[in-house]
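In case you want the letters, here they are:
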Amino acid sequence: MKQPLILFVFLFVLILTVVVSLTLGRYMISLGDLGRFIGFQFSDCFVMEERQYQIIKNVLFDIRLPRIAAAVLIGAALSVSGAVFQSMFINPLVSPGLLGVLAGASFGASVSMILAKSWFVVQLSAFAFGMIAVLAAVAMSSLNRGDRLLMLILGGIISGALFTSLLSVIKYLADPYEQLPAIVYWLMGGLSAIDRMTVLTVGVPITGGICMALLLSGYLNVLSMGDEEARSLGVNVTLLRFIFIFLATVMSALTVVLGGIIGWVGLLIPHIARMIVGPDNRILLPAAALIGATYLLVTDNAARLLFKIEIPIGILTSLVGIPFFAFVLRKAKRGWS
Amino acid sequence: MSAVNIEHVTYGYSRKPVLKDITIGFEAGEVVSLLGPNGSGKTTLLKLLLGLYKPQTGSVRLGDNPVRAIPPKQLAQQIAYVPQVHRPSFGYRVLDVVLMGRMPHKPFFFRFSDADEQAALSALERLSICHLKERPYTSISGGERQLVMIARALVQEASIFIMDEPVNGLDYGNQIRMLSRIAELSGSGYTFIKTTHFPDHALWISDRVVLLKKGRIIADGTTEKVITKSNLYRLYNTHVDVLGLEGGNSICVPQAMKRFHRCSGECKPMKKNICLP
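Chains as they are written, first to last, in the working numbering: chain A, 1 to 337; chain B, 338 to 614.
Keep in mind that the hints were calculated from the coordinates and are not lab data.
Check the hints yourself; a few may be wrong.
To be verified - Stretch by stretch, here's where chain B covers chain A in the computed footprint (C-beta under 8 Å, at least three residues):
| # | stretch |
| --- | --- |
| 1 | 218-226 |
| 2 | 234-242 |
| 3 | 275-285 |
Just so you know, even glycine gets a beta-carbon here, dropped at the ideal spot from N, CA and C.
Given the sequences, and given the hints that come with them, work out the whole structure.
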């Protein structure tokens, strides 16, 4: 616990990125406008034209802030979930989707896109099926004796494969002119459909989940020494593993509710964080949260600004993530061996 | 009534039990070596003592309570596990690894205090490895890692140490240093229950030796009484001489390894060079 200073650096970078992101977009808001707007909001010393004030207020509060908040939440949640899983499963190639949550959520969202018209039902069903997929994986793992972690991974593979093939069925059955493109587009991930209410309702449990994971991060160090050692140190391995799986699953499923499937963040960011701050989960988790939030915010800015039309963010995260991951793996020796 | 008692324990799959109707007690303060061929159930016995496995029949008790009924934290305050030298995945700081030993004394939501850190540092001091405290656990040698595990068990404040082949994978010098550490610590009242593959190691530091074969105890008693030519033959199916040396030490010499030298007509075993640590 000797590097909390670097966490403040990460936090500072994140705040800076948020402020800059507020100014970026179709409607230009300069840093000066932003400063004047904030000054006008909170004191009488600033003057501002009523019309400009209204426009800036609408742009910031209805469009940019919710979207920025969503990007920050998703980035942090996926990175923390990934770090939790990598430490708990003692495996560098593990991502938050390990136990099938993303496959389940994809299926849940697509099936309700066909059957229901309401966006709320789609979100609810994505979350519910994400949870169901992980529950299925955990249930399957507990049917068998043997190495618990291995059984969980196998259960996750089976459950993930099941929901992926069910997703294919849905795609096949979907109306190819309207429903199928909607499903495919949604699976690429994107934050353009974000609204304030969703961010607020989903943001609370995500933040809660992250805080809980940070509070319990010390246990991850012990769990990564192996089950028997952890138990001989007085740790209730079964309970803590359940808590961590639950937290990571809820957080990952909620990111799907916010922005669809956004890959590679949960695999890549924990690696980068580990390279910078080392493997101690008590520092790694907050570092991963801050770096992940910054990374996804930057990527989302690129997604909405780089070209005339918006690129699905899931495409960007994988296009950036894959080569970077290949590069990182070569250097990742430090954290792992 | 001993400190830890195993009574009529059978463990394993029903067709092929690993341990069969084992009854044994361990006294406080003794150094016990479990000897036995591969697959004889030594490690299983240790894990039963740690409450990691649930016996099919019989009971494992610490004092009056079955170990599986003692809350994990309380059990960890009394019994510490020193696992075999293993290569961990994450390079946590040595100090952080030792600090893990404080976990049984912490509430559910915990932060290690300065007092915990002091305890960890003094344990490292006691084993003279304080210079390693900032090093990543993955970058130190096997012998050092084993000492770190012992330091962790010390800060756990348990009185019973369970060690699975504590010198496995260590070089000769480190084996001797490790065993003398154990002998030292047992002098200050700790109980050691350890497995080993070397009867010599038992001869060096054990008060008592238990021989396990195919899930049964075939001998149990003071080291001198148990480590004999006939017992070792029964255990390992190979002829080993146990030679007494001046000064009370004994040493095992496998007959198959005796050096022969050619002499006129017949061959005689030549006296081996003997080294004693």
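Discussion item. Under 8 Å between beta-carbons, do enough residues of the stretch 275-285 of chain A, three at least, approach chain B for the coverage claim to hold?
Written reply: holds (count 3)
Worksheet item: Are there at least three residues in the stretch 234-242 of chain A whose beta carbon sits under 8 Å from a beta carbon of chain B?
Response: Three-residue rule met by the stretch 234-242 of chain A, so holds; n is 3.
Worksheet item: Mind checking, does the stretch 218-226 of chain A have 3 or more residues with a CB under 8 Å from chain B?
Response: Holds, because 6 residues of the stretch 218-226 of chain A bring their Cβ atoms closer than 8 Å to Cβ atoms of chain B.
Violated hints: none; the structure is consistent with every hint.
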